[in-house]
Amino acid sequence: MSHDNDYEPRIVGFLCNWCSYAGADGAGTARIKYPPNMRVVRVMCSGRVSPELVLRTFREGADGVIVLGCHIGDCHYAEGNHRTARRMPMLRNLLGYAGIHPDRLRLDWASAAEGPILAQIVTEFTERVRQLGKLETK
Amino acid sequence: MDEGTLLTELRMAVSDTLTRADGVLALRADHGGAVPHLFKPGNDLSDLITEPRYPMAMILDTLGDAWPEARLGVAARGCDERALIELAKRNQVNLDQVEIIGFACSAEQATECRCAKPYPDSLVVGEAAEGVTEDPRLAELDVMSVEERFAFWSAQYEKCLKCYGCRNFCPVCYCPICALESELWVETGLLAPPFPSYHLVKAMHMVGRCIACRECENTCPADIPLTTVYAALHRDTAELFGYVAGRSVDERPPLLLSLSGTMED
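Those sequence lines, one after another, are chains A and B. Take the first sequence: its letters are residues 1 to 138, numbered as in the numbering used here. Take the second sequence: its letters are residues 139 to 403, numbered as in the numbering used here.
Hints were generated in silico from the structure; no laboratory data involved. Quick caveat: nothing in here was measured; it's all calculated off a predicted structure. Using N, Cα and C, we set each Cβ at its ideal position, and we do this for glycine too. One or more hints might be untrue.
If you only want the chain A side, here are some residues facing chain B, beta carbon under 8 angstroms, derived [unchecked claim]:
| hint | residue |
| --- | --- |
| 1 | E8 |
| 2 | P35 |
| 3 | A85 |
| 4 | Y97 |
Stretch by stretch, here's where chain B covers chain A in the computed footprint (C-beta under 8 angstroms, at least three residues) [as the list claims (entries may be wrong)]:
| hint | segment |
| --- | --- |
| 5 | 71–83 |
| 6 | 90–96 |
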């Protein structure tokens, strides 16, 4: 765990094109502040985020990974985010068993109109990852 | 039941099945070892054996692909049957064409494999032994902190020779294009594969699929206790989704389902 004040967590966010990315855009337009730690990757659906992709993101040096999609029922592809909703909790458990704190992976939902909620989620997550410190996988 | 009686009765059951099937897959003694063999009607069954344990499901899968109209029997342990159920629900084997001649493992074998169900549902020969209810290795993992787990698994995965034995011997791994061979998810040219790539990708693919046969662990030349993490995930799928891999063809893999329980390919 790092107590270095200069430490800034590296966070990668996978945001779905239809809801969360638009939500992040909305947060920006409305000038809502949230920590700049999250690097956004726009994906067409949160269901596109495979466990392999999350694992590789950690291996490439992310301290935290956040997956943001449409609320259940709002998915542009009807049930794409259902798979996300089932698979991400299992991946969190797996990370925990293998010794990577499960809180380093977060799944949440934010609609295109929920910029303030998205900002809050990202703020919370950034602070949580800051507490956990740098992820050492070597 | 002693081993000799079990063998005699199994040979009788196989002989009976051969009156209505095109062949029966079982182990055959061969040059002091054992090989899987397709016994055909009229064949001498005196060299049909049961030991050592050998995963039959993938072989049956291959036979079924090559010969889809054949009616086949298979001498199967509990784990073989569970693997066949997983393969059947994923459209890899057609159980309508298969007759499972189940035989029971001994109590000693059950302990050795930490097996929860050392007998098949289609038990034809032998007596069902008591299963092992608690995996001692999982109990050890449960009491470790996240940091201890990281230290433990880093040391274990560091031993990996990347021989792919755990995948090759897995009776429920069948994908023609394997994520573990993709440069994108498991970089080539590095040994051991850097944590958390190879092993966690494999573990994630085992969710809702691993039938706890321990073949991967038995075959691992580096003695990595691979199935401990799979067992933990197995427990989670049972708790979260009420799903147990290998229990029934009608139970559908939870990670492939929508929240309303539909499955579309």
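Closer than 8 angstroms between Cβ atoms is the bar; does A85 of chain A clear it against chain B? Give me holds or violated. holds (6 angstroms)
A closest beta-carbon separation below 8 angstroms is what the hint needs, so does Y97 of chain A meet it against chain B? Cβ of Y97 of chain A sits 5 angstroms from chain B, so the hint holds.
Against chain B, with CB atoms and a cut of 8 angstroms, does the hint on E8 of chain A hold up? Violated. Min distance 22 angstroms.
How about P35 of chain A: closest beta carbon in chain B under 8 angstroms, or not? violated (24 angstroms)
Residue count check for the segment 71–83 of chain A against chain B: does it reach three with CB-CB under 8 angstroms? holds (count 4)
Taking a Cβ-Cβ distance under 8 angstroms as contact, does the segment 90–96 of chain A have three or more residues in contact with chain B? holds (count 6)
The structure is inconsistent with the numbered hints 1 and 2, although it conforms to all the rest.
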